[in-house]
Amino acid sequence: MNAIEPDRLPGQLAGSGICIRTGPFVSRIQSRLSAVAAGLALLYPDYPLADPDGFTDFQVRLYTPNPLRRWWRPQVQFAMDGRIPFKPLPLSQAYPLLEWGLNWCITSHMHHYLLIHSAVVERNGLGVILPGEPGAGKSTLCAALMLRGWRLLSDEMAVIDLDSLELIPVVRPVSLKNASIEVIRRFASEAVISPPALDTLKGTVAHLRVPRASIERMDEPARAGAIVFPRYRSDAVPAQAAPETPGRTLLRIAQNTFNYSLLGERAFHALTAVVQASRCHDLAYAELEEAIAWFDRLSGEADG
Amino acid sequence: MAESCLPLLVQVLRAPATAAVLEAPDWDRLIRQARHANLLGRLAHRVADVCDMAALPPPVQRHLDSARNFAAAHARVVHWEVNRIRRALAPLEVPVILLKGAAYLLSGSPVAVGRVFSDVDILVPRARLDAVEESLYWAGWLTTHHDAYDQRYYRQWMHELPPLRHVRRKTVLDVHHNILPETARLHPDPEKLIAAAECIDAPDLHVLSTEDRILHSATHLFHDGEFEHGLRDLVDLDGLIREAAGAEARFWERLPARADELQLSRPLAYALRYCREILGTPVPEAMRQWTDRALPGRVTRGLMDALMARALRPPHPSCEDAFTAPARWLLYVRGHALRMPPHLLLPHLLRKAVRSEE
Amino acid sequence: MSDRRWQVCGRAGLAWVDWGGEVAIYHRGSGDTHLLDPLAAELLRALESGPRSDADLVSLLSELVSPEPERPPQALAETILGELKRLNIIELIES
Amino acid sequence: MATEKDIENKENQIVESDSGVVAGIESRRRLLKGAALTPVLLSLTSRPVLGAECTISGFMSGNVSDHGHDDCACGFTPGAWKTPYVGDGNWNHTPFDPGTCKNQGQGQCNNYNGDGTPFFGPSTFSGSDPHYAGKTLMQVLWLSGNQDPHQFGAHIVAALLNAYAIPGYGMSPADVQAIYANVDANGGAAGGYYMGNNGKMLTVEQVVAFIQSTLCAYQ
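Chains as they are written, first to last, in numbering that gives the first Met the number 0: chain A, 0 to 303; chain B, 0 to 357; chain C, 0 to 94; chain D, 0 to 218.
Just so you know, the hints here were simulated from the structure itself, not pulled from any lab data.
There could be a bad hint or two in this list.
[Said to hold, decoys possible] Heads up, incomplete: computed chain A residues facing chain B, CB under 7 Å, no partners named:
#1 52
#2 54
#3 55
#4 80
#5 81
#6 109
#7 110
#8 111
#9 261
#10 262
Quantities reported herein were computed from a predicted structural model and do not represent experimental measurements.
Glycine included, each C-beta is placed from N, C-alpha and C at the ideal position.
Using the sequences plus the hints, can you model the full thing?
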């Protein structure tokens, strides 16, 4: 992306659009909105661009739906190839809407892969799936691990190839919500975080730039070796990890899989294989450092 | 501007082998047209039958494979829905006649391969409608339209109950007692349809006869005027006609005769005309006099050709021009006009316009 | 419990994964997934090979269960069959 | 047009059986203690792939899908309507009054006075079943054991409240009232039945199971 000089970015974005590659997917993004241009410039400088005349998976546009409201509570609308899946949002949420929209593009159209609502990180060859049960604090933990040197494959979805059962990286900025924005700012002052968007349906939302190391390895799949259900609990001092049975892990992770029902029996057998190849734990934590230490031991044991 | 000749999607559906030589930008447009027309699953299977998928660009393979998985999920759901419907209705010992997509799937027709479905349609004898509705109710299929006007619209004027939705599976079921509304100008006799229905799984599961299936599909498209799935329905028709012409002796004599018998000659004539023109469906020359007789005069025919040429294209920006939206709207009004007498039509259209603004 | 008979719903059958203490099944017809207790799994495995009457299932349970079980096989069968029926995994064969 | 489904994981929470002794067996043939109180430990019902767009993709995309109408909503259970202070069953979304609390525990109430909307009345139910005569809707919800056979009263009240409070609930108030009137005229809650016009008869237990199928917890 840094092949485009910063001052030419808004022009190209408003014109034929910018084709960004994130793992196997190419998205053509078009928008005249300054917030989108600023967000991309801040969070996507290291991403590879794709040939605009080549094949693009998703053609995405963000625009103000009714020009009459340009000054009175202006709005932003997301469209994919002319299809509008969401209601318009306040203009201040333009950049988060781009990220949510790109997630929707994948989870609604890419049923070639098994898509689990989870974060995925890797170290020393150990791929770890962190299923995102609501309110679990998965993104905070995933961001912290990434900033401590773990490789990020994705913060929102595990993408599993149904034949090889490999974890396919779809590296994108990490979404942080409400308190975890401050937590990560204090955790790593050098972290690059987009300006927060206020009172979205999920409260305050901001996105964290992914270190170059993870982006450079975005074409390198990983193998799952652990499934950890994180749970932030203020009273979990020290952090407590409890093993979870394979059967219950299968059902819990299936419930978090976007296209489990759609892929049917293939998803049942694929998840079973992933569960059987992984150590499965619940991890309750209050202190990020304790959680990270536990993960380091987990990945340390991997190559021990 | 729209392509002057046939849209890319139609060209590839007519000659799937050409997919092997498509370049990336063509694939990009083709997949988007197919997705908007709800034909991506069909396209994927047609291409897979004649091309070496592994030779296609990897991202293209992913989209086509995804579409086949999506269609396979629909097929599983329809099979299960039909199983549960038969279970709920078994005590009534009433014939359950599957219509449209569910019929093609359960009868194993190639038309169903890669097809997606939005709901399940069944036809039951009118005399048993109340008993069927009650049995479905207690099995969890509840009506979605509590509004009194909607109830009357369906029960008095239409040929079906208000759509039912299953309370747990959220699937939608349409229960018909005819293939055209009571108030329509054409009056096919449901008893004849039921009498000719073929049993595909004893004792209760039936589908319409081959000719009646084609006539129903043609009527649904060219009489009801719902062109949101125009091209998909035309692709169904093309598939049904090719399948039947290949399998049934004297098919081209029985089809027009049955159409005349059921007063459905005009919709069939339109179907044959546009299937041949757009999808290249093989229709023997001998049928030309019959279709000429059944079609309206040259002026109306010219207007319909202009409207249909636009309405039957993929609903995608790359295939539309300034006249596409007006053409679809005119056909929408025509569809309603054919279904409802004038004194009902105007208030109904007004009501729908107001409702969609809410 | 008359001579009524049970069968698995639909003809598509089940996919199994047995972890000893827990058994996971995928119902090919409904697309539902369940985690079963081993006893329930045994009953279901029997039904998958063909329709069974209540009596067959109760005797199967009494073979598997210790001589003086906490709950008689009769009550056990009723609990298990009731739950499997509520989840649309099995159904009574309409006479 | 059948858009590809995006999935809402709130839609089908895992129905987790509560505590129960699981008879673990090492080898298949070892004799079991036979105490399998929970035959099915966890269940995941298939999410809608076809038909109504019921899933609101809010959980991830932070937004309500454009056809976010929720016309396949499941209703609250009798338990939820019994304890409005817990927050689920909100009586202000219904035209009925729960009545005042008899003994105000700390913020909780498990006994209501007779000043709420009566069970029998023009806008509620018509009939004469003695189990519910003279009681308010809320009092019927709090009936226990054989005071309310098969919990029929509690479930029919919950269904009526859902019909008003939940947009897109499967049944309209008229549907619920018709079911009650039919059972009341055919023997009532204890030993009565529902007589369908297709000649089919349903026991009160089957009617309660039907109502449960429209409630969130039993989906």
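Can residue 54 (chain A) be said to touch chain B, with a Cβ gap under 7 Å?
-> Status holds, d = 4 Å.
- prompt: At a threshold of 7 Å, is the proposed contact between residue 262 (chain A) and chain B supported by beta-carbon distances?
  reply: Cβ of residue 262 (chain A) sits 6 Å from chain B, so the hint holds.
Mind checking the CB of residue 261 (chain A) against every CB in chain B and telling me if the closest is under 7 Å?
-> Holds: closest Cβ of chain B sits about 4 Å from residue 261 (chain A), inside 7 Å.
message = A closest beta-carbon separation below 7 Å is what the hint needs, so does residue 80 (chain A) meet it against chain B?
response = Where the cut-off is 7 Å and the nearest Cβ of chain B is about 5 Å from residue 80 (chain A), the hint holds.
inquiry  = Would the hint on residue 111 (chain A) be counted as holding, given a Cβ-Cβ threshold of 7 Å to chain B?
reply    = Holds, about 4 Å.
Was the hint right that residue 109 (chain A) lines chain B, CB cutoff 7 Å?
-> With Cβ-Cβ at 6 Å, under 7 Å, it holds.
Check: Against chain B, is residue 52 (chain A) within 7 Å by beta-carbon distance?
Finding: holds, 6 Å
Hint status (Cβ of residue 110 (chain A) to nearest Cβ of chain B, threshold 7 Å): Constraint on residue 110 (chain A) satisfied, holds at 4 Å.
Status of the residue 55 (chain A) interface restraint (C-beta, 7 Å, chain B) = OK, holds: residue 55 (chain A) within 7 Å of chain B, min 6 Å.
request  = Under 7 Å, Cβ to Cβ, is where residue 81 (chain A) needs to be relative to chain B, so tell me if that hint holds or is violated.
outcome  = For residue 81 (chain A), the interface hint holds, since the closest Cβ of chain B sits about 6 Å away, which is under 7 Å.
In this structure, every one of the numbered hints holds.
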